[in-house]
Each structure stands twice: as C-alpha cells, then as structure tokens.
Amino acid sequence: MFRLVAGRIGLGLLTLFAVSALLYLGTQMLPGDVASALLGQQATPETLAALREKLGLNEPAWLRFLHWLWGAVQGDLGNSLANGRPIAAELLPRLGNTLFLASYAALLAVPLAVGLGILAAIRADGIVDRVATTSTLIAISVPEFFVAYVLVIIFASELGWLPSLATVYHTMGFLERLYVTTLPAITLTLVVAAHMMRMTRASILAVMSSPYIEMATLKGLRRRRVVVRHALPNAAAPIIAVVALNLAYLVVGVVVIEVVFVYPGIGQLMVDAVSKRDLPTVQACGLMFATTFVTLNTLADVLSILVNPRLRHKR
Amino acid sequence: MTKPDAFGSTGFDRRTFLAGTALVGAVSLLGLRPARADTPKAGGSLKIGMSGGATADSLDPRTYTDWVPTNIGYQLMNGLVEIDANNKATPELLESWEAKPGAIDWIFNVRKGVTFSNGKTLDADDIIYSINLHRGDTTSAAKAVLEDIVDIKKLDANQILVSLKSGNADLPYLLSDYHLMVVPNGFADWAKPIGTAGYVLESFEPGVRAVTRKQGSYWKAGCGHVDGIETLVINDTAARTNALLSGQVDLINRLDARTVDLLAKKPGVQVVRSSAGQHACLVMNTTLAPYSNKHLRLALKYAIDRQKVIDTVLKGYGVIGNDHPIPRTSPYFNGDLPQHTYDPDKAKFHLKEAGVSDPKFQLAVAEAAFTGATDTGVIFQATAAKAGIALDVKREPSDGYWDNVWMKAPFCASYWGGRPTPDQMFSIAYKSDAKWNDTAWKSEAFDKLLIEARAELDEAKRKTMYGEMQRLVSDDGGALIPMFIDYLEAGTARVKGMGPHPMFDFMGQRIGEKVWIEA
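Each protein sequence line maps, in turn, to chains E and F. Using the UniProt record's numbering, the first residue of the first sequence is number 1, and each one after it goes up by one. Using the UniProt record's numbering, the first residue of the second sequence is number 1, and each one after it goes up by one.
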C-alpha cells in the first residue's frame, strides 16, 4: 500500500512538472519578451539588448525554464515586472486570503452538501430529496456572479445585515474578517454544494442496488443503517474525489467572486497581472493554482485508497 | 489596462480664461441636492470607493497612470498649480508667477510658511527637486509635458526661474499636471510619501486600499475637513454601486451611464455630472489607403448617427462632437463651425468624390477604448449601411488593446481625456510630429498656426487661430469624434461640498480635501 501511495504522490509531482512546463511555454508564446514589455515604447535596441543580458534572456528557453523552476521550488518566484517587488512577498498574503475564504466556504459547504446528500439518499424521492435536488439544481444552473448579486441585493442593499464589500487587510481581526467574508463564503457554498450533494446522493444510490445491500436489507436492517454503515464506505471514493475537486475550485475558481466582492485574493492578483502584462506574476499565480489542484487531487486519491481496501489491489 | 493618459501638455494663460469661464456653467448637478453653500464642518471619516487601481500601483508620482494612486497622492502631497472648478490655473504651492516679456523666462514664487509632514519647511529646492523628478533621464509619465523646460534656477529660498525653449504663455497650466506633486528635496521613499497636503499616510495596500489621517492644521484655506480618508479599490462597476447603496462607501466614481438615472432616484444619493474634455474617437490612419483620402474620411464622418450613439451608449450623458477635440467648455471652442450630422446622401456624395465604388471598412473596437465602444461600432455599422457603406466591426480584446491595436490598426476606437488648453490637446495628438498623433495626420498650415498661437498674446487673434485649427482638424483630420463623454460620480447625502470639475472626475481628484461630512 505504501508503494501505491508513493506512486500517486510521484505521479502528482510529475503532473505538476508537466503543468509548470506548459505554463512557462504558454506565457513564452505570448508576443513580445519580458525585456520589451518592461521597457515599453521607449525601448532602444541597445537598452533592450542590455536588459536581455541582465535578465538572462539570451539563454535557451529550456535553461531559463529550469532556472525559474529551481527558483520556484526554493520559494523565489522572481520580481514583478509592474512594480519590481518580489512576487512571493505579494503573492503569499493574497494566497492566504484566498485560502481563508476557501476554508470558510468549505467548512460551510462540505458538511452541508454531504449531509444533505446522505439524507437525500436515505429518503430517496422523499420531500427532503426533492427540495434538496431542485434547489441545488437551481443554484448550479445560474452563473455564480448572479448568485452573488442576488445575495448582495437581499442581504447588503435591502436588509443591511452583511457588507457587500469583502475587502480585508492585514490589521483586521479574525471575527471582523469572518463577518465581511460571510457573503462570498455563502455564495461559494451555494455554487459548490450542488455538485457535492448530487454526487453523494448518486454514488450512495448506485451502491444501494448491489447484492450485499440487498442482503443487508433482507436481514431486516433499517434503511438509515444500511446507508450509513454499509453503503457509505463503498461510495466514499467518488465522494472524496468530488469534494476534492470542489475544494480545488474554491481556490482556483473564485476569480469572479473575488471581483464581485472586491476580495483581495490571488484571483484578483492574477487579473491585475494579466492586464498589466506582468508575466512572471501570471506564471506564479498559475503555478499556485496548479499546485493546489494537483495536491488536492492527489490527496483525494490517497484518501480513497485508504478508505476503500478494494482500491489497494489491481483487479 | 489604462491608456497612458498623461503625456504632453503645453499650457495656457490664466487671463485668457477669465473671458471663458462662464461656459463652464455647462457642468451641472443631478439628483436631490444642489450644491449649497453650507458651512463646512470638521471631523468624520470619508470612505471613497474607486475604480482605477491595481496591485501594481505605487505612490511614486512618476508612475501614475490611473486615478486611484493620483487621488491618494493628492491626499498626501500638493501640486504646483491647481486647475479650479472654472478651468482656471490657480496657485497651489507656487503662490504667484510672472512671465518676462516673450514668455520664455518665468519667475515663480514659492508659497511661504508651508511645512512637510516631517516638519521640514517648504523652499525652492524642494520645488526644483520635485520638478526635476520628471526631467532628463527618467521614465516619468510627465517627461513629455516638461520637455520645453530648458533650465530651472533657484533665485532665492522662495523664488525660482524657469526658462523655456520657446515662448509659452501657458506654462502655469503645464505645471498643473497631476504627476507634478511636491516632496522634500532628495526624498525617495515612495512607499511612504512625505508631502505638504492635509493628510499623512497610515497604510497602503496597492490595489486594495489606503488609509490617510489628518495631521494638524492645513495651510490651504477651506480644505481638509475630514479626520481620515479610506480609499478602497473597487474596479467592478456593480460592486462599486452596491457599496454606495449599502452605505459602505460615501463616494464612487465612474458610474454606469445605463443605470445612473435609477441611482439618482434613490433617496440619499447624489449624482454629480461633469461635462469635460473627455471624448471618444474613431481614429483613421491618414497615411494608409483608403483613409488617406479626405473625401472618404468625410464620407465616414457623415455616415454616423451621433445623436443615436449618445442616446444609446451614453444614455444622454454626453455632448455631440464635431470631429475636433476642443470641448464646448473651452473658451476657444469654435461655435461657428457647421456641425457634422448624420447625412447618408452627403456620405454617398463624398464616397463618389473619393472614387470608392465598393465601400468596405473594418473598425477595430474594444471596451478598453471607451465604455460602449462596441455598441458605438454596431450603431455606426447600421447607420453607415444606409449610405451604402459596409462596415465590419472587429471586436478586439481589451487586454493589450493600447499595445496591439491602437496606433496599429488603420481604423480603430480610442479616447482622450480632457486637457486644460487647446494648445495642449493639439500638441499631444494633432501636431505632425506629436508623439501620440494617432491619425498620423500631417498639416503644415496647422503646425504653423499652433506654434504662432502659443506665442500670441492678443486674445481675439488667439481665439481666431484656435478656431481655424479646429476647422482644419474637423474637415480634414483623421479623427471621427462623435461625442464628449461626461464624467459621472455619486455620493451619499452625508457628503457635502461635492461639485463638478471641468478637467477630471472627483473634483480633479482632490475630492478628499474638499468635501465634509454632515452626520
């Protein structure tokens, strides 16, 4: 089993390497190089050449990629083109903000979605099931900015309970931070809960038709016990996978939410960087997103292996 | 991405404006409360929600390309000269000035009794240092503005002599540029600028927010009422409007013209509309066929329904343009020029004159050019079709628009912010060798007039000359200027003293020190 887990982690690292290479290649393919982006319209051939030399742009691309990667592994993401500050110093607080919001949303969304999913499976086609399925279907069908605006109109503009701006800053206390990020957290919860809830319900129901469940039912066990004790462990793998996928989404997919609520997260940083043609920052943000995605998915794989003995053996 | 909107300028003389200030009355105030002459109250804190900021922002005045850093900058630092609500150059840190005959040498008196927030007293060295930040070997966005300055000399502790390459009666206007903020001699810690304005910096997170706090008494009379200012960057229009409606901020800029009427109806909200020099352009490169043909350019100018564009895209919050960049608010506006209107028959006539049998054109647009540029293109397409013109509207991404499309595509959308003087506007974008001559239009007659007018001191003659330049640009130039776009901003009712400004929104970005709070 150790080998299996190590294999998954190795695969995760390999994926990350491949993604970082693609990321680098992608940003290199954009027109203009870093030097001309830096110097702008006033660039003369001499200053361009000097700057290229200084930035090491005369080296072959693969070597520059390795330099960049080696720096990134050590936590050095280079300097921003737009203002010359080290990217890591700018990115880390932003990443912290995004992780804070993601955790807040996850703490609301995961128990809610999985709980509702189990409940819906226990009482399949009952009233809870119908209400949960329909309402999550609605939440998932409308764009997330729409959900956000509807919540803002109700809770901020009309009722005045919660702020519509989620601007946080480093001197802000924990409770105040929780207060101002409540609306975006609820929005994110509505956006991701549907997916997790429906997957939980579906995977449990899929297991429910297997012979051993039938056996348990024939033994006279109550449906609630059958679902929780017998079906859930076997349905866990897909649920873990979908939860991990949505957790990753909470980190990498929140750009729109960050813009709507003016939340200083990493998504907003990337939007700024793109509009300023600040490629090193774009790369760094991309790398953070990729790392989050790969890490969470690897974690989901490993967890699935741990909870489900059948996955430990090749069929 | 913001177009570097701060380049060149060549100023204007204050006396010439006395005649024309009445025209600025075109600015108006919407909403519930007219600007009353209440007595300002001290105290309270002001929250500003602004579009125009990014993570890459810095408080170094050399780097300002958008309004958030500029606004914060003016909370901390003063300029040399201020443009007032009547479009007049009024003294700020330069208390008074006098031009020697010929307007080549200028004497400026530095205001006395002003101290920086670090306790240093302002003197001529600080002024010289601050101006020189933008001269010579620098990447300052205001470098072009000051290119005509040959030398700056210190005469005594409170007096300087500025020498120009050639006579320019408008130097004080030149020095009103918003990059020219004053710091102590030798100062370079741009993370925490030291200035002479009413507020000191408490914290600054680029692209997120800045907090400033009042310090002691402010030398500027009738300014600096509130105790503290918090400036929040809110680039999303809907988020900005919501923040105002839910009372999280007191002021917002750049309203959406499509929703401004609804917003003005809300109780407790005041909307300020400023008619200024900001205008939309559809620029044709006059060196490339078919746009090199004057008749073809005229055909296109007659093929657009300007009023329809203003009504649809700006919801009426704009003024019709006549294919030259001088606004009605300018005392030099030429009102005798026939207005180019929508006239498909005239368009057809000029097409024939141009010898174009198969009129097909491509107009590149993006929302980066101006909000509603795409819709403008589509309306143009429809109205031009009636003149037999096939206009293809090509939508470009906003990102990289100024680098990849503007001044590259032969026919594309653009915009210009207002300038205080016609000389400044024409020198930046219409003179044959202007750096940002985006139509590549070249006219010897125009260039000659421009240089002559700069040194002309007879007011009537000057007006005739600028009028003639407007005629040349309107008839022959490559810029199709359908409209001037009003600035729209809003505040909650507790903010007093808001008003329109003929140059930029937020009272020339100095709103922080001008308004007060009525609880």
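Please keep in mind that the hints were generated in silico from the structure rather than gathered at the bench. Among these hints, one or two may not hold up.
Covered by chain F, per the in silico footprint, the following chain E stretches (three or more residues, Cβ under 8 Å) [unchecked claim]:
hint, segment
1, 20-28
2, 148-157
3, 163-176
4, 268-276
Since we're looking at a predicted model, the values are computed, not measured. Glycine included, each C-beta is placed from N, C-alpha and C at the ideal position.
Status of each hint after checking the structure:
no.	hint	result
1	20-28	violated (count 0)
2	148-157	holds (count 5)
3	163-176	holds (count 7)
4	268-276	holds (count 7)
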